[in-house]
Amino acid sequence: MTGVSIVGAAETTEMGKVPGVSQVQHHADAALNALADCGLTLKDIDGIATAGHDPTEISHYLGLTPEWVDGTSVGGCSFIVHVRHAVAAIKAGLCKTVLITHGESGRHQIGKHPALFPLQFLQQFELPYGVTTPPTRFTIPVLRMMKETGLTEEHLAQVAVVQREWAAFHPRASFRDPITVDDVLNSRMIAYPFRLLMCCLMTDGGGALILTSTDRAKDFPTKPVHVIGTGESVEAPLISQMEDFTSSRAFRISGRRAFQEAGIAHADVDHLMIYDAFAHLPIYGLEDLGFVGRGEAGPFIAEGHTRPGGKLPMNTNGGGLSYMHSGMYGMYALQEGVRQIRGTSPAQVADAKISVVHGVGGMFHAAGTVILTNQD
Amino acid sequence: MTDRPIPKPTPETQHFWDGTRQGKLLLQRCNETGKAYFPPRPFCPETGSRNVSVFEASGRATLYSYVINHMKAPGFEPPYAIAVVELEEGPRMMANIVDCPQTPEALQLDMALEVTFETLTDEITLPQFKPAGDIQ
Chain A
1 MTGVSIVGAA ETTEMGKVPG VSQVQHHADA ALNALADCGL TLKDIDGIAT AGHDPTEISH
61 YLGLTPEWVD GTSVGGCSFI VHVRHAVAAI KAGLCKTVLI THGESGRHQI GKHPALFPLQ
121 FLQQFELPYG VTTPPTRFTI PVLRMMKETG LTEEHLAQVA VVQREWAAFH PRASFRDPIT
181 VDDVLNSRMI AYPFRLLMCC LMTDGGGALI LTSTDRAKDF PTKPVHVIGT GESVEAPLIS
241 QMEDFTSSRA FRISGRRAFQ EAGIAHADVD HLMIYDAFAH LPIYGLEDLG FVGRGEAGPF
301 IAEGHTRPGG KLPMNTNGGG LSYMHSGMYG MYALQEGVRQ IRGTSPAQVA DAKISVVHGV
361 GGMFHAAGTV ILTNQD
Chain B
1 MTDRPIPKPT PETQHFWDGT RQGKLLLQRC NETGKAYFPP RPFCPETGSR NVSVFEASGR
61 ATLYSYVINH MKAPGFEPPY AIAVVELEEG PRMMANIVDC PQTPEALQLD MALEVTFETL
121 TDEITLPQFK PAGDIQ
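Residue numbers (the working numbering), protein chains in the order written: chain A, 1 to 376; chain B, 1 to 136.
Since the hints were made in silico from the structure, they are not lab data.
Since no wrong hints were added, every one of them can be taken at face value.
For lysine-lysine, the following DSSO-like pairs were computed, each having C-alpha atoms within a straight-line distance of at most 30 Å:
| hint | chain 1 | residue 1 | chain 2 | residue 2 |
| --- | --- | --- | --- | --- |
| 1 | B | Lys-8 | B | Lys-72 |
| 2 | A | Lys-96 | A | Lys-353 |
| 3 | A | Lys-17 | B | Lys-72 |
| 4 | A | Lys-223 | A | Lys-96 |
| 5 | A | Lys-353 | A | Lys-91 |
| 6 | A | Lys-91 | A | Lys-218 |
| 7 | A | Lys-43 | A | Lys-96 |
| 8 | A | Lys-91 | A | Lys-223 |
| 9 | B | Lys-8 | B | Lys-24 |
| 10 | A | Lys-147 | B | Lys-35 |
| 11 | A | Lys-223 | A | Lys-43 |
| 12 | B | Lys-130 | A | Lys-147 |
| 13 | A | Lys-17 | A | Lys-112 |
| 14 | A | Lys-112 | B | Lys-72 |
| 15 | A | Lys-147 | B | Lys-72 |
| 16 | B | Lys-35 | B | Lys-130 |
| 17 | B | Lys-35 | B | Lys-24 |
| 18 | B | Lys-8 | A | Lys-112 |
Please read these numbers as outputs of a predicted model, since none were measured by experiment.
With the hints as constraints, model all of the structure from the sequences given.
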């Protein structure tokens with residue numbers, strides 16, 4: 001136990017195609033929903049963390065007077081990293097109640113903050129080669145992974161198929177209609193070997209979390225979600241400089257730290273979220289977090305172990321491929337982890353006690369991991 | 001080619017871009033360990049030593065991984081490969097694979113490549129790679 005719990009959690013009122021809401025509004029809407037969720041007011045918040053946006057603007061827009069601020073912005077896993085930082089801050093007595101917000105007008109780009117992204121070497125050594133959007137960069141390691149481990153295009157397609165099965169449970173998911181491996185493999189080629197249905201959505205929305213000490217958490221109306229393990233790391237700002245194209249160093253370090261801190265074994269995990277901007281990420285995640293051996297993740301998913309009824313339910317909201325992806329998806333993975341541990345997910349895993357939420361930042365640039373439980 | 005991103009050299013990379021303009025692929029190595037590294041910086045990222053030197057790479061490489069982009073991109077005609085090559089000296093870098101069909105059949109991982117240079121402007125020449133000739 002870290003001694004810190006999540007007491008408030010909510011997504012924005014609207015998600016998906018939201019043409020009438022700016023980026024800061026998404027942050028604020030999610031924050032107000034999370035406050036309502038746990039019966040707090042803005043006056044109760046003395047710590048703020050956000051990413052992809054300067055925390056000053058979010059804090060002032062919400063009328064906060066924080067005594068602790070974290071603007072760590074290492075891509076879509078930043079909010080998972082914020083949970084780790086908030087745990088440390090609350091334990092150290094730097095603040096009592098932390099609000100973590102995410103909001104992004106990913107589809108409509110309304111009031112979008114300029115990207116906080118490592119650029120100096122990207123500008124000189126990658127952009128000149130025709131890399132544009134994430135599908136042209138994030139995907140580059142996978143052919144090496146396929147050659148070295150036997151991963152196939154069918155395995156990648158299966159990731160999308162299984163996650164669509166989970167999305168069907170969620171009224172708020174962007175895509176809910178079943179798809180087949182053939183559908184995925186016949187969808188439009190984006191960047192060989194990646195096809196459209198192996199790539200994430202681009203939508204608008206946000207989410208927020210509220211954390212406080214576990215001692216205080218029992219006084220809240222919601223079932224507390226205890227944070228029992230956390231990890232974080234960063235690797236390289238350029239995909240070309242990733243150490244090993246078949247494994248993310250940041251994933252391995254972040255995951256190992258989180259499991260060590262939680263003192264749990266992989267067999268104890270009831271529910272798993274692995275940030276899936278693209279279909280290869282759950283493959284890397286399952287192997288780098290140690291759930292399966294090298295080269296085993298593709299067959300593991302294809303055999304049905306992560307689908308509804310499987311032994312390791314994964315990405316039960318449908319993930320970035322089917323549920324929601326505003327650009328920095330990590331917050332939605334956290335929200336589903338919290339719902340599962342509270343027992344309130346539309347795709348509820350029976351008797352879920354331990355959830356692992358793992359996120360990637362940038363294009364394998366960074367990673368964050370948190371482990372959640374409802375057990376005292 | 002008008003909208004294509006053109007590298008903007010920074011102080012620690014200027015020598016690299018001066019080199020490509022002269023048809024040389026320049027790397028750096030740590031004088032303590034002898035190990036080559038990339039991208040350029042005035043110290044070894046492994047040891048932290050500032051005792052480093054610039055040297056000309058052989059230009060030989062192998063194809064490490066790639067995608068074939070089918071989406072529009074300024075200055076490029078899709079589909080085109082965006083690759084990462086592994087230099088003979090160890091470091092990896094991004095490149096396009098030129099003088100070669102942009103197909104999975106033609107682009108085999110670990111195939112031998114050699115450096116070639118693409119002039120973008122008077123100031124900037126980009127290192128690129130093409131299938132190696134018979135003489136290795």
